[in-house]
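With chain V fixed as given, assemble chain X with the ligand onto it according to the hints.
If you read the protein sequences in the order shown, they are chains V and X. Counting in this note's numbering, the first sequence runs from 3 upward without gaps. Counting in this note's numbering, the second sequence runs from 12 upward without gaps.
A couple of the hints might just be wrong.
Listed below are the simulated EDC-like cross-link pairs for lysine to aspartate or glutamate, each with C-alpha atoms no more than 20 Å apart in a straight line [to be verified]:
#, chain 1, residue 1, chain 2, residue 2
1, X, Lys87, X, Glu101
2, V, Lys111, X, Glu126
3, X, Lys87, V, Glu190
4, V, Lys181, V, Glu132
5, V, Lys111, X, Asp66
6, X, Lys97, V, Glu178
7, V, Lys181, X, Asp114
Chain X regions said to be covered by chain V (calculated; three or more residues, Cβ under 8 Å) [claimed, not checked]:
#, region
8, 23 to 33
9, 80 to 90
10, 115 to 122
The hints are simulated quantities; they were obtained by calculation from the structure and are not laboratory data. Every residue gets a Cβ at the ideal spot worked out from N, C-alpha and C, and that includes glycine.
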Amino acid sequence: MWKRAREVDSYVTWRLYTTLKETGLLQKLQEKPWWEFADRDLARWVCDILVEKGYARRSGDVISVSSAPERPQITTMDAADLAPVVDRVMTLLPRALETGEKPNLFEEKAYYSKVAGSLVYKAIIEAAIEEMGLSRLSSEAVVADVFSRIGTSVMTLLEMTPARVIAVEPQPENIEVIKRTVRLSGQENRVSFVQASPEEMVLPEKVDVVFMANVIHWIMNPRLALVRARENLKEKGSVRIIQQVYEGTGLTVPFIHYFFGAVRPPPTKEELIRLIRDVNLKVERQLGSFGIVALRATL
Amino acid sequence: MSQPSLRAKQVKLNCKQCSEESIVAINREGLHAFICPYCGQPHLLLIDPNLGVRDFRQVSSVPARRPFDIARIRVKDESLIPVTLKPFWEMLKRGILPPNLEDGLAALQALGLLEIEGE
Ligand SMILES: [Zn+2]
Numbered sequence: 003m004w005k006r007a008r009e010v011d012s013y014v015t016w017r018l019y020t021t022l023k024e025t026g027l028l029q030k031l032q033e034k035p036w037w038e039f040a041d042r043d044l045a046r047w048v049c050d051i052l053v054e055k056g057y058a059r060r061s062g063d064v065i066s067v068s069s070a071p072e073r074p075q076i077t078t079m080d081a082a083d084l085a086p087v088v089d090r091v092m093t094l095l096p097r098a099l100e101t102g103e104k105p106n107l108f109e110e111k112a113y114y115s116k117v118a119g120s121l122v123y124k125a126i127i128e129a130a131i132e133e134m135g136l137s138r139l140s141s142e143a144v145v146a147d148v149f150s151r152i153g154t155s156v157m158t159l160l161e162m163t164p165a166r167v168i169a170v171e172p173q174p175e176n177i178e179v180i181k182r183t184v185r186l187s188g189q190e191n192r193v194s195f196v197q198a199s200p201e202e203m204v205l206p207e208k209v210d211v212v213f214m215a216n217v218i219h220w221i222m223n224p225r226l227a228l229v230r231a232r233e234n235l236k237e238k239g240s241v242r243i244i245q246q247v248y249e250g251t252g253l254t255v256p257f258i259h260y261f262f263g264a265v266r267p268p269p270t271k272e273e274l275i276r277l278i279r280d281v282n283l284k285v286e287r288q289l290g291s292f293g294i295v296a297l298r299a300t301l
Numbered sequence: 012m013s014q015p016s017l018r019a020k021q022v023k024l025n026c027k028q029c030s031e032e033s034i035v036a037i038n039r040e041g042l043h044a045f046i047c048p049y050c051g052q053p054h055l056l057l058i059d060p061n062l063g064v065r066d067f068r069q070v071s072s073v074p075a076r077r078p079f080d081i082a083r084i085r086v087k088d089e090s091l092i093p094v095t096l097k098p099f100w101e102m103l104k105r106g107i108l109p110p111n112l113e114d115g116l117a118a119l120q121a122l123g124l125l126e127i128e129g130e
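Looking at chain V on its own, in the form it has when it is part of the complex:
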């Protein structure tokens, strides 16, 4: 998993650098502070990637570029598959930075399906399910998978746990994809659907686990989503969060998400924990490295 994530990380960094260089934006980022760009979040994010990966230094609110990344070797299938998506994203970057127009490639369904259905993403979910011991749930247990997208998390939960799954997803087209994928696997009796945003979800029953894989940076009001998660928990239930955070590969891989409907950069680890405590959930266990955090929170 780390090898794949690292390759995607290097590819995003290299592509970002070359795009900025070719469009003259690399020069502008060295002259004008990030907050003067039309999309400030994005400009700051771009600077942070270049600084964190060691290709630039910060000097006040501008950066000073010190070296250029080399074109990375791609050896894993998944990085090879994601490269065209990264290339597509980078064609939109200059306009987004300069005009502040929020790009949204969500309508380019096929690309979106790759972002939400990449091997890297599945590997992250598998590792989290494993680490969190969710495979030891009973077959009576119910897991609400919040913001299922095209069903990568639903399918992984079905594969690795005996639990029933409630898929919560706002887009009817995505629900159709998940329904079909679940039926293809012959497990339709283990899955039910709630069409709602994470902020509005009302589940048909209280659940043992609310599972939130990379939800926080995709939604308008993460705090409200956590309140809903809390409301829908059984007394002894738990919220399990896997979240890319603003460091390591969590800086680069979610950079792609921003072009497919994610509303902001991922939170830092500290911001994430504060957010959870703010809704009176107790953070019980947290693991994580290289830009990904997995944690359990309870009532």
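Below, chain X with the ligand without anything else, positioned relative to chain V:
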């Protein structure tokens, strides 16, 4: 997938619903949709590299609309298939039609990944 073949083969298909016979021209291997021109029953057929019919079955729907002819079903860009549907597509490529085939195709279509040749 192979290059278009110059060979073409006439194949007789007997509709699984109304039993009427249709003759269609096949020149490529792979998955094809066929809609019976007599009763409108959709079918899927799998053609092997020797242009033999490997599998022919009725289904409730196909991602093609045009009757009288067969339409080849392919994926525009295999690298974009999500990890959840990759095993399914690999099976199809190996000439195996899984039981809930239609659901797999419908999922790929809903993701905008399917392309119907000849439509
Ligand atoms: Zn017929």
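### Query
Out of the numbered hints, which ones does the structure contradict?
3, 4, 5, 8
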